[in-house]
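Note that the protein sequences, when read in sequence, are chains S and W. The letter at position 177 of the first sequence is residue 177 when you use the numbering used here, and the numbering goes up by one with no holes. The letter at position 82 of the second sequence is residue 82 when you use the numbering used here, and the numbering goes up by one with no holes.
Among the hints, erroneous ones may be present.
Unchecked claim - Straight-line Cα separation of at most 30 Å, DSBU-like style, residue types lysine-lysine; simulated pairs:
no., chain 1, residue 1, chain 2, residue 2
1, S, K147, W, K204
2, W, K205, W, K292
3, S, K75, W, K85
4, S, K194, W, K419
5, S, K147, W, K299
I should point out that these hints are in silico values taken from the structure, not numbers from a laboratory. Just so you know, these numbers come straight off a predicted model, no measurement behind them.
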Amino acid sequence: MGFRSTAIVGTIALVHLFTMSAATAADDEYAGDKSCLECHEAEYNSYQRSQHAVTADPRTPASEHGCESCHGPSKKHADNDGELNVGGLVGFGERAAASAETKSSMCINCHSSSAKLAMWPGSTHMGNGVTCSNCHNPHTDNPKSLKYETAEEVCSGCHANVGFDFQRVSHHPVPEGQIGCNDCHNPHGTSNDKLLVGTTTNETCYTCHADKRGPFLWDHSPVTEACTTCHTPHGSSHDQLLAEKAPLLCQRCHSNSRHPGTLYALNADTTANDSVYVSLNNRAIYRGCVNCHSAIHGSNHPSGKTLAR
Amino acid sequence: MKSYKIVSILAALVLLAGTVVAAEEEKKEGDEQAAAATEETQIWGEQTLDITGIDSEGDEAKRQEFADETDGVHGKTKVASRNNKNGYYSSARAKVGTENDSSLSVRVGKQGKVALAADYKKAPHHFASDAQTLYGGVGTANLELPDGMQADLAATPAADRPAKMLNMYLPAVHHFAVESFRERGNLELRIAATDPVQLTFGVKKERKSGTRPMFASFGFGNTIEVPLPVEYSTLTPSLTAAYATSFMQVSLGYTISQFDNRNDAFTWDDPYRADTFGRLAPPPDNEASMLKLTAAFNKIPGNSALMVVAAMGENKQDEKLQAYTSVPTTITGTELDASDPANLPADSANAKVDTKLYQLRFTSHPVRLVSFTAGFRRYEYENKSEHITFPGNVRMDGGTWTASEASTEPISRTFDSFKLGADLHLTNKTAVQAGYELAKIEREGQEVEQSDENIFRLGLSSRPADWFFLRTSLSYGDRTGDYDFRVPFEHLTGNPPQLPWLRKYDQADRKQTDFTVITTASPNEFLRLNATINWLKNDFADSSFGLLDDQTQGITLGLDWSPAETVSLMASVAYDNAENNQKARQWTPNGPADPYTGTTDEESPSNWTAKTTQDTTTLDVGLRWGVSQDVVDLNLGYTYSTTDGQIDIASAVGGTTDTNNFRPANFSAVDDADYQRAGASVDFHAAERVTLTFGVRYEELDLSDYNLNGVTLLPLTKTGGSQSILTMNTLSNDFEASSVFGALKVGF
Numbered sequence: 001m002g003f004r005s006t007a008i009v010g011t012i013a014l015v016h017l018f019t020m021s022a023a024t025a026a027d028d029e030y031a032g033d034k035s036c037l038e039c040h041e042a043e044y045n046s047y048q049r050s051q052h053a054v055t056a057d058p059r060t061p062a063s064e065h066g067c068e069s070c071h072g073p074s075k076k077h078a079d080n081d082g083e084l085n086v087g088g089l090v091g092f093g094e095r096a097a098a099s100a101e102t103k104s105s106m107c108i109n110c111h112s113s114s115a116k117l118a119m120w121p122g123s124t125h126m127g128n129g130v131t132c133s134n135c136h137n138p139h140t141d142n143p144k145s146l147k148y149e150t151a152e153e154v155c156s157g158c159h160a161n162v163g164f165d166f167q168r169v170s171h172h173p174v175p176e177g178q179i180g181c182n183d184c185h186n187p188h189g190t191s192n193d194k195l196l197v198g199t200t201t202n203e204t205c206y207t208c209h210a211d212k213r214g215p216f217l218w219d220h221s222p223v224t225e226a227c228t229t230c231h232t233p234h235g236s237s238h239d240q241l242l243a244e245k246a247p248l249l250c251q252r253c254h255s256n257s258r259h260p261g262t263l264y265a266l267n268a269d270t271t272a273n274d275s276v277y278v279s280l281n282n283r284a285i286y287r288g289c290v291n292c293h294s295a296i297h298g299s300n301h302p303s304g305k306t307l308a309r
Numbered sequence: 001m002k003s004y005k006i007v008s009i010l011a012a013l014v015l016l017a018g019t020v021v022a023a024e025e026e027k028k029e030g031d032e033q034a035a036a037a038t039e040e041t042q043i044w045g046e047q048t049l050d051i052t053g054i055d056s057e058g059d060e061a062k063r064q065e066f067a068d069e070t071d072g073v074h075g076k077t078k079v080a081s082r083n084n085k086n087g088y089y090s091s092a093r094a095k096v097g098t099e100n101d102s103s104l105s106v107r108v109g110k111q112g113k114v115a116l117a118a119d120y121k122k123a124p125h126h127f128a129s130d131a132q133t134l135y136g137g138v139g140t141a142n143l144e145l146p147d148g149m150q151a152d153l154a155a156t157p158a159a160d161r162p163a164k165m166l167n168m169y170l171p172a173v174h175h176f177a178v179e180s181f182r183e184r185g186n187l188e189l190r191i192a193a194t195d196p197v198q199l200t201f202g203v204k205k206e207r208k209s210g211t212r213p214m215f216a217s218f219g220f221g222n223t224i225e226v227p228l229p230v231e232y233s234t235l236t237p238s239l240t241a242a243y244a245t246s247f248m249q250v251s252l253g254y255t256i257s258q259f260d261n262r263n264d265a266f267t268w269d270d271p272y273r274a275d276t277f278g279r280l281a282p283p284p285d286n287e288a289s290m291l292k293l294t295a296a297f298n299k300i301p302g303n304s305a306l307m308v309v310a311a312m313g314e315n316k317q318d319e320k321l322q323a324y325t326s327v328p329t330t331i332t333g334t335e336l337d338a339s340d341p342a343n344l345p346a347d348s349a350n351a352k353v354d355t356k357l358y359q360l361r362f363t364s365h366p367v368r369l370v371s372f373t374a375g376f377r378r379y380e381y382e383n384k385s386e387h388i389t390f391p392g393n394v395r396m397d398g399g400t401w402t403a404s405e406a407s408t409e410p411i412s413r414t415f416d417s418f419k420l421g422a423d424l425h426l427t428n429k430t431a432v433q434a435g436y437e438l439a440k441i442e443r444e445g446q447e448v449e450q451s452d453e454n455i456f457r458l459g460l461s462s463r464p465a466d467w468f469f470l471r472t473s474l475s476y477g478d479r480t481g482d483y484d485f486r487v488p489f490e491h492l493t494g495n496p497p498q499l500p501w502l503r504k505y506d507q508a509d510r511k512q513t514d515f516t517v518i519t520t521a522s523p524n525e526f527l528r529l530n531a532t533i534n535w536l537k538n539d540f541a542d543s544s545f546g547l548l549d550d551q552t553q554g555i556t557l558g559l560d561w562s563p564a565e566t567v568s569l570m571a572s573v574a575y576d577n578a579e580n581n582q583k584a585r586q587w588t589p590n591g592p593a594d595p596y597t598g599t600t601d602e603e604s605p606s607n608w609t610a611k612t613t614q615d616t617t618t619l620d621v622g623l624r625w626g627v628s629q630d631v632v633d634l635n636l637g638y639t640y641s642t643t644d645g646q647i648d649i650a651s652a653v654g655g656t657t658d659t660n661n662f663r664p665a666n667f668s669a670v671d672d673a674d675y676q677r678a679g680a681s682v683d684f685h686a687a688e689r690v691t692l693t694f695g696v697r698y699e700e701l702d703l704s705d706y707n708l709n710g711v712t713l714l715p716l717t718k719t720g721g722s723q724s725i726l727t728m729n730t731l732s733n734d735f736e737a738s739s740v741f742g743a744l745k746v747g748f
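Please model the entire structure based on the sequences and the hints provided.
Written out as structure tokens, the structure is:
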């Protein structure tokens, strides 16, 4: 028993010594920041203004091997006139050879001890091979070290269709810079679908629209389940970000007797164009049903059962 | 035993020595790096000052819906400082626009120790720049008409009221802007000096003020658009404590959000009834709180990780209830004075919802070839509000008293989701993904008490070459549930319930197919291409009424090309098509099309269908050309977007059993929009960090919609009859604007 324990401890000690030797040997492969500066002045100067260059913080690359903390030892790269992919050098550009896992691991090595990244493993972006450097540039002093000045520019690089949605007539004020993608989504992973920051879709929306939160005396059931039943949050051609124009939107679910099921249309027998309405009335124009049912998100009035008060 | 002790001591000494040596090496390396780094405090920034002149016409509110774009001088500033040696930093960013469109962000701290962030932003929402109303008291919660107007109109025969309104009253309307402003302040203090424990204190305060357009009504006869006063404030303090190492991150946070609406009631005079006013309940004060625990455990054997989330929340409001009605004269034959809130069965709403979230997610990548994900999520929305039974209800202030009782119906639901996924890593740059999810919803108080959805997913994520990335996914979901339309709140007194064959699409059986492609390609360092394809189809195959199906499909193509160091070209185009079909029936109780007493078959000449289609095409082009290197740049940009929508209505022209026995015409213009923006500017780099810019811009929006073709403040039918609606002229409309601008940007 004693011999086995001794052997195990001894082996551990030897492995540790071996590892140290290997690390020392690897140190010989580092060229140092000054070497990087010779060719990459712009990147170096920009890096100096970033939080990664703070030597006072023992967690930063600057307090270890500087540029080579993230890019790997670059002596061979420097000795070979800037040859790429030699000596363990890691590039982060889109055309760089390293795998997504390798690129992200260079960041995760330090940032894994951040509670903000707790939901990253298994998240949508990680699963789809998105790397930290797809969105971040650690050299910049942009907010959150983003690759571009705003999150919208970063996100629309891949989610171009969403970027176009924001150009529709009705949209959330993202293009105007009043809110950003990250007000509703956390790209590092969340406990919700679509990387939403709230526990549910509605709790995400209530962050700004607390007046719709209720709970109301008279609830409108689809409202409490998901705002997206009626609204398309990125953009719509219909007012109020609606998924369909009223009254048709409401008539998808309401075909009760009398006015909910009424055909609100033009009478082709009496008019040839859209300019004048014969069959239409105040339930079909402007906001349709909401012209009267104005408490559509819920009513707190004793007479608000039909959401008109 | 003795040898064990000796070897153990030696081993410990070796470990200790190794650690010391390693630490010294690290320190030495660190010192070298520090020497290479900039040690003095760096200060840098950028100031931009721009002068703009705008010539515009049309809908100013739409042109500046969320941002003030006015003549005058505006600016942006960014200042930052950092000392890499001691870790202190500070920064300030400000947008100095108009009084209602400005922002400021300040950051100060010592990196890795303490961080303080403060933000302020004020943003406008312009709804209408020239709204018109007969009411006085705009901006308040009491809108009143001039003395005598109500009595005068009340005394006028209904058929003559529109003409009287147009001729006598509309010239006297008040002109005003409908707009609201959102101010948001945020203060956050993060203490990291206690690493690995971090504490974060935050407080957010939001204030919305102004007006927004809303319709109010008295029965069917007089719908009136009014400016609803908005005086909201929301205070949200939060506290989070986190313990984070590379193996484990645990955080516990508590947030409470308190919403306050300064207006407890909103009243407006009824223009057509003397001494009558309406009263509604604005959004009530409410409070939401949540305690949330998040824990993640990394580096579990097998290259695995486990995430656990547990959260408990409470939403509540207890606003005082208003009386049934503001019009006691409409109540006859009852023993109750419904205009007195003391006669209500409850003083206040006493509404409360408890929420709970439990979530587990396990991921593992044990061997290079395969990785797994498994997850469970439960979200409970338990409505604990009181069931309040009112002995009768007045549907509107101008309506008639209905004696039957009405009960509130608190709605609760539970969502469960079980997910399994596996990735097959064919190479280290290509993975095939397969997944399955069972999503279950249990509801109380809605038509479908339980629905199950089986969702199957396939995906491919590949980077076969360094310059090419492809992500594609396909999912198919099949949702089923037992539908029961006879829920209590579908009944209106004296009316039959919902059309029996109708299925509400948010709960109905559904087959959903979703296909997405995202791809980027950089064949060389001068060219980047990207494309997306999305196709989504919802098929409510078991629904014979309601929404039957909807489908959207879109494609985007983008290009960034820099053929030379001084030239870069950006171009992108998007096409999107949306289409849906729905079906309904027009019927009256005990009428010929009544599904219970008349046409009891699904087929009826009173049935009608609507097919909505919409096509949107957008083109963006931009060029940046360094005409003279480092001295003059030319920038050109152009955007064009067009949306074409229509609704095709179909219904048989039937006989006596047809409640809509006319041939309906289609709506050919439904939210059609043509937008274009063109701009050109020249940057003159006067010095290394000084740039002068001169430019011009043109912007135009043309809207076409059946609401805009003929709808006015007082919409009339072709025969001159009233459509029973009085508006404020708040619909978005066309605009056109040209602007010239100059800017000076100085960096340091």
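* Structure-inconsistent hints, enumerated in ascending order -> none
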